[in-house]
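Engineer: Each chain, letter by letter, is given below.
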Amino acid sequence: MKLLAITSCPNGIAHTYMAAENLQKTAEKLGVSIKVETQGSIGVENEFTADEIEAADGIIIAADKTVDKSRFVGKRLFETGVQDGIHKAEDLIKRFETGNVPVYKGDHQSTINKLKEERKSKQNPVYRHLMNGVSYMIPFVVVGGLLIALALALGGEPTDTGLAIPEGSMWNKVLSVGAAGFTFMVPILAGFIAMSIADRPGLAPGMIGGYIAANGSFYDSEAGAGFLGGILAGFVAGYVAKWIKTWPIPKMLQPIMPILVIPLLASLAVASLFIFIVGAPIASLMDGLTAFLNGMQGASSIVLALLLGAMISFDMGGPVNKVAFLFGASMIGAGNTEVMGAIAAAICVPPLAMGVATLLNKKKYEEAEQEAGKAALAMGLVGITEGAIPFAAKDPLRVIPSIMVGSMLASVIAMLGNVGNNVPHGGPVVAVLGAITNPVMYFIGILAGVFVAAFMVNVLKKNV
Amino acid sequence: MKLTDLTNRELISTELKGSTQKEIIDEMIEKLDGVGVLKSKRKFRKAIEKREEEGSTGIGFGIAIPHGKSKAVTSPQVAFGIKREGVDWKSADGSLAKLIFMIAVPEESAGNEHLKILQMLSRKLMNEEFRESLIHVQTTDDAYKLLEEIE
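Chains as they are written, first to last, in UniProt numbering: chain Y, 1 to 464; chain V, 1 to 151.
Keep in mind the hints are simulated off the structure, nothing from the lab.
Cβ atoms here follow ideal geometry from the backbone N, Cα and C, with glycine treated the same way.
Hints are not guaranteed to be accurate.
[Stated by the list, open to error] Derived lysine to aspartate or glutamate pairs resembling DMTMM-like cross-links, with alpha carbons at most 20 Å apart: (1) K46/V x E129/V; (2) K25/Y x E108/V; (3) K116/V x E37/Y; (4) K25/Y x E37/Y.
[Stated by the list, open to error] Each pair of labels, with its calculated beta carbon distance range: (5) Y127/Y x E49/V: 52 to 58 Å; (6) E54/Y x S75/V: 27 to 33 Å; (7) P250/Y x K2/V: 21 to 27 Å; (8) E128/V x G74/Y: 36 to 42 Å.
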């Protein structure tokens, strides 16, 4: 027979451990296997794992303090005072042999918690780490995106170089605050992915790695690696930190491991990865794509529109997106405003589509995502593609293809409708500001792309 | 760290004078105060009494471990005393307390090594042989040697 026991007392200094000792000794005498978790003033020691709880034949709680029982729903459980652990250990253990112990059904809340816990433990760990990063990132995207959206919508003026906000105006300050929020987006994503993998020692290398990933200047690239680079940085930092933790370390050095050695080495590792390995391919990818697009100018405008739409949605602010956007902007200078018209329609599809998707089917999105969906709608209206990043980062394989299809459709319709745009910026806001020729086709393209992408992603996604 | 890092010969008494629970508590508090770890005897006594009200610290087997966690304590300390005739400590098993450990723990302190040591003491007291040896010691030195085993 395998038993588990928890002991706990008011001060957690003495009785907790006496009861634990006695239960262990008595179990040994009776030939019963037991593991005792002590919840004393040192904290919880000898904590049970989910597997141990699963395998246990019964749970003894000998405590004069409230013990959370939600872990034990569905197990035979006997609860008593800590004194019984000290004096009646034999009775307690034998009780489970005679079979006279009811199964703990739990209150409603603990049943829910247990289900959640089970679902969590069954989740793929990679997905769990990603989720952790995304959940911390969402508020940064929402705050940053909403402020930027507000500033652009109310203070922006269309110019040759995009929507500009006059310097010195209040909206310029709002924009800067929003930009500050966006600056943290990728570092927070990477940092909390790494922290989920390696606990606290992972946070610093993850955030630093995320910052490097998001700033191309570290590796001589015009654009950073975007959120996809951030995800890579988070996982690399996390697993490196976790690996360093397994090194055999002399006891004397152990205290400085989590605050000095692990963060330092893992940060250097992830920084080297970007500076020496990932950086150059990103820069050459951008050069290659730019050359490729320039070569496409004579080809079919529909193929070009499909390609640009796909590129805009692929990494939302990452290098591929940047190449497509800069290509469109350079075409305005060359007198061709239709390329930017197609891109402008594609730009707003990812956030608008994800916002609409959360409204269409709430069951597929967690509460935080539903809130992020509303913010994404606002960001979409002013052409901030990044609004869809929380969704794409959490579930890239379902979200990215969907929004790519939506953006491609919007882009092609705009191109076929001869939509022109002489401001390098996207979303409905440029039409409202009068920069779009043939706005009807522009909006038809956006709406078609948004709804197709929203339906597609909801079909692909499972219920939460 | 060992238990003897938290106690010393002055805190060990092989013949407690008091004949009631209250007298013995007072007597042991005086000893702790004597080595200068209490900022306020009154506040520490309150912590001890409060713990006894929550449930007797007479754990049976002839042992009582009155303990208090209080801001009035400057550093963790253990006093040990023997009362051979025994004293009523309202123990769970009705036995009289003969071996008494008074434990003083600061409200907040750096690290938890002292808690680990107290944990080892608690676990050791569940050992019958150890209890037998303790009750039979005659001199402070013998008692000190036994407590030295706890590490």
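Engineer: It remains to establish, for every hint, whether it holds in the given structure.
Structural biologist: Hints, one by one, checked against the model:
no., hint, in the structure
1, K46/V x E129/V, "34 Å, violated"
2, K25/Y x E108/V, "32 Å, violated"
3, K116/V x E37/Y, "15 Å, holds"
4, K25/Y x E37/Y, "14 Å, holds"
5, Y127/Y x E49/V: 52 to 58 Å, "54 Å, holds"
6, E54/Y x S75/V: 27 to 33 Å, "44 Å, violated"
7, P250/Y x K2/V: 21 to 27 Å, "23 Å, holds"
8, E128/V x G74/Y: 36 to 42 Å, "38 Å, holds"
Taken one by one, the earlier hints fail for this structure at numbers 1, 2, 6, listed in ascending order.
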